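Novice: Take a look at the letters that make up each chain.
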Amino acid sequence: MIRLEFIIAACLAALISCTSTPSTANLPIYGNKIFEENDTIYHTIEDFRLVDQDSSWVTNATFNNQVYVSDFFFTSCPTICPKMKQQMLRVYEKFENNDQVAILSHTIDPTHDTVAVLKDYATKLGIKSSKWKFVTGDQDYIYDLGEKSYMVMADEDPNAAGGFIHSGAFLLVDKDRRIRGVYDGTVDEQVDVLLTDIDKLLKEYEPTN
Amino acid sequence: MNLLTKVVALFAFVLLFASCGGSSETSQNEEKPSSRDEIRLKQYMVQGAKIYSTYCANCHQDDGKGLAALYPPLAGSDYLMENFARAACIIKNGQAKEIVVNGVTYSQLMPGNPITNLEVAEVLTYVANSWGNEGGLMGVKDIDKWIDACVEE
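So the protein sequences, as listed, match chains A and B. This note's numbering puts the first sequence at residues 6 to 214. This note's numbering puts the second sequence at residues 5 to 157.
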């Protein structure tokens, strides 16, 4: 009996200690780091230039002073993309009026997903603001960007449904182009974490005191 | 005497089956399925739910509401409920043409699904009887007939 009480007490203590952990810790910084004498160089998103659904150029400068969530998809995708887009809508809706947050969705099927197709897709999804950019460009260039900068896989595969294999990941990128979070964009709970992580990340940029 | 009991029992048995095999209108008791169709409906619903989550839920979503103006809803969908034969064909063969569902135009391509006619029956039963839809059981014999009569799009 005493043992049982002890176990319950221990469990409670563990629970309390977990739930009351201060959540002020900064988000991790992903990717390889290079340590120099007095400095650490982090993995960052390389310079890129793509075109969005409104025919505007999108580069790193587009997200100046913004954090953004990035993903890879294609409009004719019959598998995970609709789920990803439904989840990304949650990000869009939560931060619709916050200028510090943007969304960047890359098509991995630029042959089909022209500017006009992306515009139509965005409109039908109900996207009114330029906060959510759907971008297209050269196919190899986009795959390269996905692999090297965002560390996600995207490739053509005639055996996969829709002709492409790709990751359903959402990447959270900070104002210094660094990846601060990776989430499964097809899972509700993972996107819950992303939503709170965006808040946390924005807090890092608030002036202290 | 013994024989009479047997005859009465047999008669009662036959009567029971005859009354049960009829229409599914006689559902006085929600707990116990009172007809074979109702049992079959429940089996189809269970199997249909699995097929739905594998082949359909990505676009039409778990709640059957679809996604914005990209993927049409199945929940409360006039297009679905007004023609189940057409729905069976679309499930099996996909659809490329533009359609209007509850007043909204949808043009996203729907791929066909590599499933058997029985599975079409199960998943069609599921979508026709979920989220407030009440279409009843879609028997596999009807599905066979409908699929054979599908018009090439």
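Just so you know, these hints were derived from the structure itself, not from any lab. Errors might be hidden in some of the hints.
[Unchecked claim] With a cut-off of at most 30 Å between alpha-carbon atoms, the simulated DSS-like pairs for lysine-lysine come out as follows:
#1 A:LYS153 with A:LYS124
#2 B:LYS101 with A:LYS124
#3 B:LYS96 with A:LYS129
#4 A:LYS136 with B:LYS69
[As the list claims (entries may be wrong)] A short list of chain A residues far from chain B (calculated; beta carbon distances all over 12 Å):
#5 TYR35
#6 PHE53
#7 SER81
#8 GLU101
#9 LYS136
#10 GLN144
#11 ASP181
#12 ARG182
#13 VAL187
#14 THR191
#15 ASP193
#16 ASP197
#17 GLU209
#18 TYR210
Note that the structure is a prediction, hence the values are computed from the model and not measured. Beta carbons: idealized from backbone N, C-alpha and C, even for Gly.
Novice: Next step is simple, just say for each hint if it's right about the structure.
Specialist: How the hints compare with the structure:
Note on LYS153 of chain A and LYS124 of chain A: the hinted pairing holds, with a Cα-Cα distance of about 27 Å set against a maximum of 30 Å. Restraint check for LYS101 of chain B and LYS124 of chain A: satisfied, since their Cα atoms lie roughly 20 Å apart, inside the 30 Å limit. A hinted pair counts as satisfied when its Cα atoms are at most 30 Å apart, and LYS96 of chain B with LYS129 of chain A qualifies at roughly 25 Å. Proposed proximity of LYS136 of chain A and LYS69 of chain B is supported: the alpha carbons are some 25 Å apart, at most 30 Å.
Every CB of chain B lies more than 12 Å from the CB of TYR35 of chain A, the least distance being 27 Å, so the non-interface label holds. No beta-carbon of chain B comes within 12 Å of the beta-carbon of PHE53 of chain A; the shortest separation is about 27 Å. At roughly 6 Å from the closest C-beta of chain B, the C-beta of SER81 of chain A falls inside 12 Å, breaking its exclusion from the interface. In this structure GLU101 of chain A is separated from chain B by more than 12 Å, as the shortest Cβ-Cβ distance comes to about 15 Å.
Every Cβ of chain B is farther than 12 Å from the Cβ of LYS136 of chain A; the closest lies at roughly 16 Å, confirming the non-interface assignment. A cut-off of 12 Å between C-beta atoms confirms that GLN144 of chain A is not in contact with chain B; the least separation is 20 Å. Even its closest Cβ contact with chain B, about 33 Å, leaves ASP181 of chain A beyond 12 Å, as expected for a residue assigned away from the interface. With a closest Cβ-Cβ approach of about 30 Å to chain B, ARG182 of chain A is found to remain outside the 12 Å limit, as its non-interface label requires.
Non-interface call for VAL187 of chain A relative to chain B: holds, since the shortest CB-CB distance, roughly 21 Å, exceeds 12 Å. Distance check for THR191 of chain A against chain B: the nearest CB is about 8 Å away, which does not clear 12 Å, and the non-interface claim fails. The beta carbon of ASP193 of chain A is not kept farther than 12 Å from every beta carbon of chain B, the shortest such distance being approximately 10 Å. Non-interface call for ASP197 of chain A relative to chain B: holds, since the shortest CB-CB distance, roughly 16 Å, exceeds 12 Å.
A cut-off of 12 Å between C-beta atoms confirms that GLU209 of chain A is not in contact with chain B; the least separation is 33 Å. With a closest Cβ-Cβ approach of about 31 Å to chain B, TYR210 of chain A is found to remain outside the 12 Å limit, as its non-interface label requires.
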